[in-house]
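Colleague: So the protein sequences, as listed, match chains A and B.
Letter 171 of the first sequence, counting from 1, is numbered 171 in the numbering used here, and no numbers are missing.
Count along the second sequence starting at 1, add 1000, and that's the number in the numbering used here.
Keep in mind that the hints were calculated from the coordinates and are not lab data.
Here the structure is a predicted model, which means the values were calculated and not measured.
A few of these clues could be false.
[Said to hold, decoys possible] Straight-line alpha carbon distances no greater than 27 angstroms define the calculated BS3-like cross-link-like pairs of lysine-lysine that follow: (1) B/K1128 x A/K402; (2) B/K1116 x A/K402; (3) A/K159 x A/K169; (4) B/K1121 x A/K3; (5) B/K1098 x A/K3; (6) B/K1222 x B/K1022; (7) B/K1070 x B/K1128; (8) A/K310 x B/K1128; (9) B/K1123 x A/K407; (10) B/K1116 x A/K330; (11) A/K181 x A/K169; (12) A/K314 x B/K1076; (13) A/K20 x B/K1003; (14) A/K3 x B/K1076; (15) B/K1222 x A/K407; (16) B/K1161 x A/K314; (17) A/K310 x B/K1121; (18) A/K330 x B/K1098; (19) B/K1070 x B/K1121; (20) A/K273 x A/K20; (21) B/K1070 x A/K402; (22) B/K1022 x A/K22.
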Amino acid sequence: MIKFLFDRDTWQEVIDSMSKNKLRTIITMIGVWWGILLLIALLGAARGIENSFNRQFSDFATNSVFIWGQRSSKPFKGFQEGRAVQLKLSDAKRIQENIDGIEFVVPRNQRSSFVVRNSLSGTYGIAGDYPLLDVVQKKNLIKGQGRFINQTDIDNNRKVAVISEDIYKQLFEKDEDPFGKFIRINDINFKVIGVFETTPFGGPQTEIHIPFSTFQQIYNQGDNIGWMMITGKPEFDIKQIEEDIKLSLRNMHKIHPNDQRAFGSFNLGDMFKSIVDFLKGMQFLTWFVGIATLIAGVFAIGNILLITVKERTKEIGVRRALGATPFEIKRQIVVEAVFLTMIAGLMGIISGGWILILIDKTLGQGDDAVFVNASVSIAIVFVALLILVALGTLIGLIPAFKATSIKPIEALREE
Amino acid sequence: MLKISQLHKSYPIGDSSLHVLKGIDLEVESGEMVAIMGSSGSGKSTLLNIIGILDEADSGEYTLDDVEIKNLNEKKAAIYRNKFLGFIFQSFNLINYKNALENVALPLYYQGLKRKERQEKGKFHLKKVGLLDWAHHLPSELSGGQKQRVAIARALAADPKLLLADEPTGALDTTTSYEIMEFLQQLNDEGKTILIVTHEEDIAEMCKRIIRLRDGVIMEDKKVNQVRASQYV
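Throw the hints in and build the complete structure from the sequences for me.
Modeller: So this is what it looks like as C-alpha cells:
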C-alpha cells in the first residue's frame, strides 16, 4: 500500500482523471474548500472575540462580587421594615475573618463632587480606596509614571489623587505634565500622583481615587462604607460566597435571614461565567456549522465520483479485462476521493488563514479591537485534515464499490 | 490448451430465461487459429466471454492450460485474465487519455512490473506492431487500423497463452481489416493461439479452423486451408 502511494502511476491516474474533467473537479472541490474555509474562519473569529474579551478582563479579578446596603423589607427583632442598612468597616473585617474562600475584601466609598483646576471644572465620581483595589482591579498607569494610593497615604490621610485619563484630558492642557499638580475637590487641594487608562469593561468606573482615610475625613463618613468588593479564591464558587456573606451580614445587622432586599449585590463572576458560556456556545456552533458544511462538501465529492465512475464504466471494464483486480480499482477511486478532499481542504485552510489575516489587519488592531489575535491552533487544523481524510475515504468507498459491483462483461458492453 | 465440455449458459429475461449456449464441446490445441462464426444471437460472443473468464457458465467444464476455470472470485479471475489471456475488441477499447505506450503497458502495470520494465516491454510490442514512432500519441490521434494495432500490442504485452479477438475487424475497412489479419496470421505463425469471433466469411477463411454456431450449438467444426491475408495487401 505504501509503495502504491509513492508510485508515479498512481498519481498519474489521479491527475489524468481529474484533468479530464477540470470544471467538474473544480466545482466539486469548492464544496469542501468552502466548508473548511468556514470552519477555520469562524473558529479563528470566535477565538479572536474570546481573546479580546479576555484581554479586557485580564486586569480584573473576575470571580468577584460587589455588595452594598439597601433597606430592609421584613420586620425583625423589633425593627420595622424599611430600615436603612449601612455597611461598616468592621463588617468588612468580620467577613474576611469568617467566610471561607475569600481572597480579598475591598471596602470602598464613592461620592460625586465638584472638581476644579484653574478655570476648568467638572463633576466627577470620587472614590475612597485602599491600595488593595489596585490588586483586584489593576489600574494601568499611563506612560508607566506615577503610582496608585499606598499604605502611607492611608496612614497619614494624605491629600493625593489618582485620576483617570479622561479627567486628565478635561482638566489639563494637552501634553501638560499632571504629576505634582493640584486639583480642588470639595475646595480642598489634592496632589495628582497618577493617571490611569480607562477600560471599556470592568464594573463600576471611578474617575478619581483618593485614600480611603482622607475620604472618611473630608466627607465625614466615620466607619461607613459605600460598598465592598469581595474576590473569591479560584477554587471556590463565587455564587456560594455571595450567599454566605449576605447571610452573615444579615445576622450582624439584625435583619431577617430571608430578607432578600436588605443587601444589594452584583456578581461579576456570574456575569463573566455567562459570557464564557456564550463564547463556548458560539464555538460549538462554529464547529457544528463548519463540520456540517464539510460533510456536505465531501458528499458532493462522493456524488461527483459516482457520476465519474458511471461514465468510466467501460474503461473500468477494459482495465478489469486486462487484469485489474477489484481491489486495485477500488483503491484507485478511494485515493482519488482522498486526494480531492485533501487538496480542497488544504486550499480551504490556506484561504481561511488569509481571511484571519485580513480580520487581524482590519479589525484586530488597537486596544479596543473586537478581534484580538484571531487564530486557529495547528492542532485544530490537523484534526480538520484528519477528519477530511477519514470522510474522503468513507465517501470514496461508495463509488469504489459501485465501480466493481458491475461485472466486467457488463461494463464492457456499456457504451 | 483449451478444453470445454457440455457448456450451458442462459440469461434471465424477465420471468423466463434465454438459453444461449446449449451444451458446447470444444477443444483447441496450442498454435491453432480458430474462427468462431455465427449470426447474431448464435451465442458466439457469449462463448468468447466465457473463454475469456469475463462471464461464467451455468454448467459444464472449462479447462484453460490445464487449469480448471470454475467458481473463481473476481480477484482470481483478474489474475488469470492477466496471465493467460489477451483481449482484442471490436471497438479497440483503448483508454482515451493515455498515449499508445501507456495503453500497451497497462496490463504490465497490473502484473506489478516496474515502470522501466513496463516501458521497455511496451516499446518492444509497439515496435512489433510497427507503431513505435506513435508511442506518445493519444488514441484520438491514430487511425482505426493503428488503434487496433495498439490494442493488439496491448493484448500481447502480458505475453498471454491465448489471444481472444471479438470482431477485431468489425470497425475497419477491408484493406485495414486484411492488414490486421495479416498481422494476426504472423503472430499465429510464431506460435500464438488465436480465437477470433467474426461474422465475415473472408476473415474466417484466413483462419485455420472454422467453428459455426447456430442457436447455441456447434453446427460445423472444420479445418480449412488458410487464406494468407498478405496476398490481398
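Colleague: Any hints from earlier that this structure breaks? Give me their numbers in increasing order, please.
Modeller: 1, 2, 7, 8, 9, 13, 15, 17, 19, 20 and 22
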